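Number of protein chains: 2
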Amino acid sequence: MIPVIDMEEKIGNIEKTWSPVDIAYINDQVIRAAIFHGEYHWHKHDDEDELFLVHRGAISIQVKGQETIELAQGQLCVIPKGVEHKPRAAEPSVVLLFEPSKLKSTGD
Amino acid sequence: MIPVIDMEEKIGNIEKTWSPVDIAYINDQVIRAAIFHGEYHWHKHDDEDELFLVHRGAISIQVKGQETIELAQGQLCVIPKGVEHKPRAAEPSVVLLFEPSKLKSTGD
Chain A
66 MIPVIDMEEK
76 IGNIEKTWSP
86 VDIAYINDQV
96 IRAAIFHGEY
106 HWHKHDDEDE
116 LFLVHRGAIS
126 IQVKGQETIE
136 LAQGQLCVIP
146 KGVEHKPRAA
156 EPSVVLLFEP
166 SKLKSTGD
Chain B
66 MIPVIDMEEK
76 IGNIEKTWSP
86 VDIAYINDQV
96 IRAAIFHGEY
106 HWHKHDDEDE
116 LFLVHRGAIS
126 IQVKGQETIE
136 LAQGQLCVIP
146 KGVEHKPRAA
156 EPSVVLLFEP
166 SKLKSTGD
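Protein chains in written order, with my numbering: chain A, 66 to 173; chain B, 66 to 173.
Just chain A, with the same shape it has in the complex (with noise of 0.2 Å):
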């Protein structure tokens, strides 16, 4: 039987911020919802787009030699392989993250 998955029930299990929990598996594909708060650390994927959509609150991802990306909720933005982000929020933000699978959920 094809299970039927709820969002939210999926976001009421996030225990602590910056710790997605899996939301679904598809063609080696993974969608993670997380909550974001305060300031994650410099980090990269060597191989691997990223995908931040921000389902609750706000937050902006600082790019190495961009301008900073400002997301509010309903926005989003993939952030190519290999290049260096910093993600922040200033109160707390459920985002959805879509990745390959065999990324590490806590980046590098």
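One should not assume that every hint holds.
Identical copies go unnamed one by one, so any copy, or any two together, can satisfy a pair.
Once the Cα atoms are required to be at most 20 Å apart in a straight line, the calculated SDA-like pairs of lysine to any residue come out as [what the hints assert, rightly or not]:
hint	residue 1	residue 2
1	167	95
2	81	93
3	146	70
4	109	66
5	146	68
6	167	114
7	167	77
8	146	165
These are calculated hints, taken from the structure and not from any lab test. Quick caveat, the model's predicted, so the values are computed rather than measured.
Got chain A; can you put chain B on it based on the hints?
Relative to chain A, chain B alone:
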């Protein structure tokens, strides 16, 4: 410069039902948005899983040999490759689709 993509703006570009618009590409996958209304035809994708996430409204997906899947707003499911399915929606509903970018947007 990495572009900011606005989900509602993309959804506003949808011109007719069952005709997805592309939202973002990532790692050879694509996120699309479509308006479902009425019944689609039975089809399957031989090599790709397909994820359906209800952004607004409600849909059901008939699945060969299984109970019909009912998805409310905020709910999702993954139809595995090779599984015949037939989506429908009683009212116009906005659905996000995640699938390999090589997949034709209108299915088989």
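Here's how the hints hold up against the structure:
Taking the shortest Cα distances, residue 167 and residue 95 sit within 20 Å of each other both inside one copy (9 Å) and across copies (18 Å). In this assembly of identical chains, the alpha carbons of residue 81 and residue 93 never lie at most 20 Å apart, being 25 Å within a copy and 31 Å across copies at closest. Proximity of residue 146 and residue 70 under a CA criterion of 20 Å is satisfied inter-copy only: 18 Å between copies versus 29 Å inside one chain copy. For the homomeric pair residue 109 and residue 66, the shortest alpha-carbon distance between copies (17 Å) is at most 20 Å, but the shortest distance inside one copy (37 Å) is not.
For the identical chains of this complex, residue 146 and residue 68 are inter-copy neighbours only, at 15 Å across copies versus 32 Å inside a copy, given an alpha-carbon limit of 20 Å. Both within a single protomer and between protomers do residue 167 and residue 114 lie at most 20 Å apart by alpha-carbon distance, with minima of 12 Å and 17 Å respectively. Taking the shortest Cα distances, residue 167 and residue 77 never come within 20 Å of each other, neither inside one copy (24 Å) nor across copies (34 Å). Taking CA atoms no more than 20 Å apart as the test, residue 146 paired with residue 165 passes in both settings, with 11 Å inside one copy and 18 Å between copies.
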